[in-house]
Each structure stands twice: as C-alpha cells, then as structure tokens.
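S.K.: Sequence:
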Amino acid sequence: MSYQLPIWVWPTVLMGVCAIAVLRGRDLERLAAASELATWALSLLVFKSRSESTQWAVLLIDVSLLVVLAWIALRSPRYWPLFAAGFQLLAVATHLAHATDALVSGWAYQTAALIWNYMTLFAIGYGAITAPRRYAEIDALGPPAMAGAMRR
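First residue of the sequence shown: 60, per my numbering; consecutive thereafter.
In short, the hints are calculated from the structure, not lab data. Beta carbons are placed, not taken as given, at the ideal position from N, Cα and C, and that holds for glycine.
Derived Cβ-Cβ restraints for the label pairs, each shown as a range:
id	residue 1	residue 2	range
1	P65	R192	31 to 39 Å
2	W130	M74	22 to 30 Å
3	E196	P70	31 to 39 Å
Let the hints inform the model, and build the full structure from the sequences given.
M.R.: Quick look at the structure:
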C-alpha cells in the first residue's frame, strides 16, 4: 500500500515557515525562507510530474538553493544553516544518484528529494523559531574575534 501526502501539506508548511521567519527571524532566516519559497515556485514551473527521469531543471534550481544556504551557513553565527545546507546537499546528491544509477526508481528518487526538502524547511523553521533567544545570547557575548563560520 502506498501513501502520498495531500497536495496542500507542503505549501501550508512552507508558508508557515515563511511567516515565522518574517515574524521572528532576522535577515538570514528571512533570506533562507524566501529562497526556499522561490525554489518551490520555480520548481512548479519546470517539474514534470509524469516523468521518472532525472529532473535536470529542478536539479539546477536545487543547486542554486544549496549555494544560498551554504553562503548563509558560512556567515551565520548559528548552527541551523549548516543543517539546512547539509539537507539541501543531500537533495542535490539524490538528483545526481538518480542520474548516474538507472536502478534508482522514480518513486525512490522523488520520495528522497521530498524528504530532504522537508528536512531543509524544518531546519529553516527551527532557526526562525529560536532566533530571538539565540541572537540575544550571541549579542550578549559581544563581537566575535573571527567572522563567519569560524566564530562558532
């Protein structure tokens, strides 16, 4: 027996995370949420739902999101961007695995990509929910001696 999430679940969760990022997050959380929203909108335009072949256009869109999340991870004093970028890297690796190995079925390919996208979104949501408290802790410590990822 197969199970498929209702079509409204992803947009609802995505809009919820975007709202939380706007209300509670700072610039990096908002940028990550907006990038995820843009990625979803662009993917809707290029995704071929009846095709089990590699979605090359979606791969390019996912790589662009990976670049944005990696950039955020290298500049943020927080850990959630590392997880978001890591999950997005797994989504890109899923595309590449499907492209290189014909034994990876279309169902496994699309299911894995969906799981990694939810995990990326949950990492962004966690970052936005905890932003006020974490940034207060970071601000209380004073300016870091080093910039970017080295200040953790």
